Amino acid sequence: MKKKRPRASWGDRILRSASGLTAVLVVGIMIWLGWEMFVSSRQSLHQFGWAFLGGRVWDPVHRIFGALPFIYGTLVTSIVALVIAGPIGLGVAIFLSEMAPATVRSVVGFLVELLAAIPSVVLGLWGIFVLAPFLGKVVEPWLGRRLGFIPLFHGAPVGVDLLNGGLILAIMILPTIASISREVMTAVPTVQREAALALGATKWEMIRIGVLAYAKSGIIGSVILGLGRALGETMAVTMVIGNMPNISPSLFSTAYSMAAVIANEFTEATYGLYLSALMEVGLILFAITLLLNIFARLLVWSVARGPKGGHLV
Amino acid sequence: MYTKRNLLNALMMGVFSLAAVIAVVPLFAVLGYVLKNGLTSLNLAFFTELPGMMGVGGGMANAIIGTLIVVALASVMGIPIGILAAIYLSEYDRRSWFSTLVRFTSDVLTGIPSIIVGIVVYAAIVVRTKHFSAFSGGVALAVIMIPSVIRATEEMLRLVPHTIREAGDALGIPKWRTILSIVLPTAAKGILTGALLAVARISGETAPLLFTALGNLYYAHSLNEPIATLPLNIYFYAISPYDQWHKQAWAGALVLVFIVIVLNVVARLAFRTRMGKN
Amino acid sequence: MGNLSVRNLEAWYGAQKALLGITAEIPEKQVTAIIGPSGCGKSTFIRCLNRMHDTLPGAKVSGDILLDGKSIYDQHPVFLRKTVGMVFQKPNPFPSMSIYENVVAGLRLNGERRKAKLRAAAEKSLRMAALWDEVHDRLNYSGVSLSGGQQQRLCIARALAVEPSVLLMDEPASALDPIATQRIEELVTALKKTYTIVIVTHNMQQAARIADFTAFFLNGELVEFGPTSEIFTKPKDKRTEDYITGRFG
Numbered sequence: 015m016k017k018k019r020p021r022a023s024w025g026d027r028i029l030r031s032a033s034g035l036t037a038v039l040v041v042g043i044m045i046w047l048g049w050e051m052f053v054s055s056r057q058s059l060h061q062f063g064w065a066f067l068g069g070r071v072w073d074p075v076h077r078i079f080g081a082l083p084f085i086y087g088t089l090v091t092s093i094v095a096l097v098i099a100g101p102i103g104l105g106v107a108i109f110l111s112e113m114a115p116a117t118v119r120s121v122v123g124f125l126v127e128l129l130a131a132i133p134s135v136v137l138g139l140w141g142i143f144v145l146a147p148f149l150g151k152v153v154e155p156w157l158g159r160r161l162g163f164i165p166l167f168h169g170a171p172v173g174v175d176l177l178n179g180g181l182i183l184a185i186m187i188l189p190t191i192a193s194i195s196r197e198v199m200t201a202v203p204t205v206q207r208e209a210a211l212a213l214g215a216t217k218w219e220m221i222r223i224g225v226l227a228y229a230k231s232g233i234i235g236s237v238i239l240g241l242g243r244a245l246g247e248t249m250a251v252t253m254v255i256g257n258m259p260n261i262s263p264s265l266f267s268t269a270y271s272m273a274a275v276i277a278n279e280f281t282e283a284t285y286g287l288y289l290s291a292l293m294e295v296g297l298i299l300f301a302i303t304l305l306l307n308i309f310a311r312l313l314v315w316s317v318a319r320g321p322k323g324g325h326l327v
Numbered sequence: 006m007y008t009k010r011n012l013l014n015a016l017m018m019g020v021f022s023l024a025a026v027i028a029v030v031p032l033f034a035v036l037g038y039v040l041k042n043g044l045t046s047l048n049l050a051f052f053t054e055l056p057g058m059m060g061v062g063g064g065m066a067n068a069i070i071g072t073l074i075v076v077a078l079a080s081v082m083g084i085p086i087g088i089l090a091a092i093y094l095s096e097y098d099r100r101s102w103f104s105t106l107v108r109f110t111s112d113v114l115t116g117i118p119s120i121i122v123g124i125v126v127y128a129a130i131v132v133r134t135k136h137f138s139a140f141s142g143g144v145a146l147a148v149i150m151i152p153s154v155i156r157a158t159e160e161m162l163r164l165v166p167h168t169i170r171e172a173g174d175a176l177g178i179p180k181w182r183t184i185l186s187i188v189l190p191t192a193a194k195g196i197l198t199g200a201l202l203a204v205a206r207i208s209g210e211t212a213p214l215l216f217t218a219l220g221n222l223y224y225a226h227s228l229n230e231p232i233a234t235l236p237l238n239i240y241f242y243a244i245s246p247y248d249q250w251h252k253q254a255w256a257g258a259l260v261l262v263f264i265v266i267v268l269n270v271v272a273r274l275a276f277r278t279r280m281g282k283n
Numbered sequence: 100m101g102n103l104s105v106r107n108l109e110a111w112y113g114a115q116k117a118l119l120g121i122t123a124e125i126p127e128k129q130v131t132a133i134i135g136p137s138g139c140g141k142s143t144f145i146r147c148l149n150r151m152h153d154t155l156p157g158a159k160v161s162g163d164i165l166l167d168g169k170s171i172y173d174q175h176p177v178f179l180r181k182t183v184g185m186v187f188q189k190p191n192p193f194p195s196m197s198i199y200e201n202v203v204a205g206l207r208l209n210g211e212r213r214k215a216k217l218r219a220a221a222e223k224s225l226r227m228a229a230l231w232d233e234v235h236d237r238l239n240y241s242g243v244s245l246s247g248g249q250q251q252r253l254c255i256a257r258a259l260a261v262e263p264s265v266l267l268m269d270e271p272a273s274a275l276d277p278i279a280t281q282r283i284e285e286l287v288t289a290l291k292k293t294y295t296i297v298i299v300t301h302n303m304q305q306a307a308r309i310a311d312f313t314a315f316f317l318n319g320e321l322v323e324f325g326p327t328s329e330i331f332t333k334p335k336d337k338r339t340e341d342y343i344t345g346r347f348g
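Protein chains in written order, with this note's numbering: chain A, 15 to 327; chain B, 6 to 283; chain C, 100 to 348.
Simulated from the structure, these hints should not be mistaken for laboratory data.
Note that the structure is predicted; figures quoted are calculated from it, not measured.
Each hint should be verified, as a subset may be incorrect.
[Claimed, not checked] Within a straight-line C-alpha distance of at most 27 Å, the following computed DSSO-like cross-link-like pairs (lysine-lysine) qualify:
{"#": "1", "chain 1": "B", "residue 1": "9", "chain 2": "A", "residue 2": "217"}
{"#": "2", "chain 1": "B", "residue 1": "9", "chain 2": "A", "residue 2": "230"}
{"#": "3", "chain 1": "C", "residue 1": "189", "chain 2": "B", "residue 2": "194"}
{"#": "4", "chain 1": "B", "residue 1": "252", "chain 2": "A", "residue 2": "151"}
One chain only, chain A, in its complex shape (with noise of 0.2 Å):
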């Protein structure tokens, strides 16, 4: 047999082989980042161990670091967010997917977009300066009068606090959810719909066998993937959530995020020790992150992308 593969040109050697290269940079840069923060940390690692995952106590001044009031502080306001963007993202996404007309679909569809590309640092401003105050003299309050037996709900209304930060995070992850089952739902085959509708279904029914049943694992790895989204996001967050270390059951209560104590202490951090402490409380984030990304994006690959082995005829 001769050899049937051609000898490639220098052109195409230098197209593939620069080509080939940024593609090598992408999963470099992914092993950079991890690397880069776990040499960092090492000596906030072996200073502390396991105890800095459940350590209550930050205190630069005596060198004492401990993670969990920023954790605290970061599950619940992404708690929060995902309690409130989860329904009514995926409202959005059937809304859009399913019922809108044509012209509604695009339109709803811009605007969904529109409040995904305000930039965050702007929703923190709209929080202190807008948001705040109303929680504070109206929600809160009223909150507290209603619904005060709860330890949720128990406290001063200040406004800068938990409840604040998760109303933000779930503004700005409700069009991850939104645009990410949609694509999903999207990807359902018609034939999934008609079956359903053939069956005598009503519109709802069809939505609920044809569509959501068959999308399901995608629609769940695009809540996780708004989790991941609330889970790291900082200027909005460090700009409403109050930042101090607290842990209380409280919503309206001041707390603090594992992104806002890096934004805020990365360039105050004086000595060794507490900044590898601010790059371990970012390790921390980027494993929960990097682990949650994974699982959503099989999850969501599982129906509308696939490892595409697209066809070349």
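Please build the complex by placing chains B and C on the supplied structure of chain A, with the hints as guidance.
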């Protein structure tokens, strides 16, 4: 039974429509306040003057120029790299384990918090060069934009029919020539859309610039100096105790939002003309 | 120039064998039609002639094809394809280019820069493809603005511009209406003065109308090859006869 199902149906339809309405409320609430507070604080000095000291007026001329510089720097690095990687994925290696890994990594990279990119670039560049700089800010933003450029470009390249590449092959045109002179131009408008959206996204980024570009009260005279950008200034001004600076933050927000929305609209119009033509 | 000699050609898609040892002499400056039911290997065969088959992942070839006595596997496929042009089933003009740019794309992307040379080549090719009269006053329009039949003739002109000696046509008229089809057939008949033409067609009347020689493929095998008149009037092989009469009857 039948009416009960219909009622449920009507109810759910109402719920989903309501969700769509609720989703756009914050958009208008935010845009409305930005417009209202921004317009009252915006004046010519905002565009022409340097920041005033300790809460005194002045402007953000340096930050506006700084944003342009840092974003341009990031685009010069990020867009070519993203397009090249997409060429590799779409034209040279569609389905090996390696291309799947690259595609997956790129997707996952979009979900990594931008502040992480900021501190890594700090550790890698700022610490080594011993100074904050516009350049390090550009690198951080480039890392953030690369995955979205890759994804948009690859999707557009995949829309180019295979018959176009075959036609190039059949004419005896070398593959690299076919890719650069035929396939890429065919997908150009879609790629432009993707690139503009990526530019829009990084224009508003703050977190990765906190420890790289850092901010500057004056003009930066070289890429090796700290540089002010609009998002950084909005942040610093918003958390400052001065009323005058709060006003400036709103004005900055208005300008930033305007830039971002214009980029988004232009990106979409570019894509629309492409659709209309074919 | 343009004589193709195929020696025991075998081709695979991965593990699946698509051609089972084809041997044939394709004479120069004649029209040779390839007929057979779909899936018989006729497209694979024609795509081996300019080594387009090689480009598919998992594709393999063995045997040899000689073009004017020299193996096509001894040259780089990119050069080979300048000598062996191809026109596809569906017209595929480059959407980002004008009519003129489409025609000269092959020359230009192979390094020809001289304006006068390109202009001359464009006019010559468009005239040969019988498209010049229809488009000479709008050469700057987009290639995709033309009708389907015109687009296909544009693709023929584009293939001719690089001055091949062989022109492969893979069902070039199957996506066109009857009038456009007729124009393509007239064009093929005119072009054979200059070029060796190999045309795949699923339409036997078309083969009977335009081809000097006809090859009948079945299940990856070349069943019969000969002058068109003989294949259609007194086929030697029973399977050829069944196929032809089945279709005609």
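Here's how the hints hold up against the structure:
Simply put, residue 9 (chain B) and residue 217 (chain A) have alpha-carbon atoms about 13 Å apart, close enough for the 27 Å limit, and the pair holds. Of the pairs offered as hints, the one joining residue 9 (chain B) and residue 230 (chain A) holds, with about 26 Å between alpha carbons and a cut-off of 27 Å not exceeded. Restraint check for residue 189 (chain C) and residue 194 (chain B): the C-alpha separation of about 24 Å stays at or below 27 Å, so the hint holds. Proposed proximity of residue 252 (chain B) and residue 151 (chain A) is supported: the alpha carbons are some 22 Å apart, at most 27 Å.
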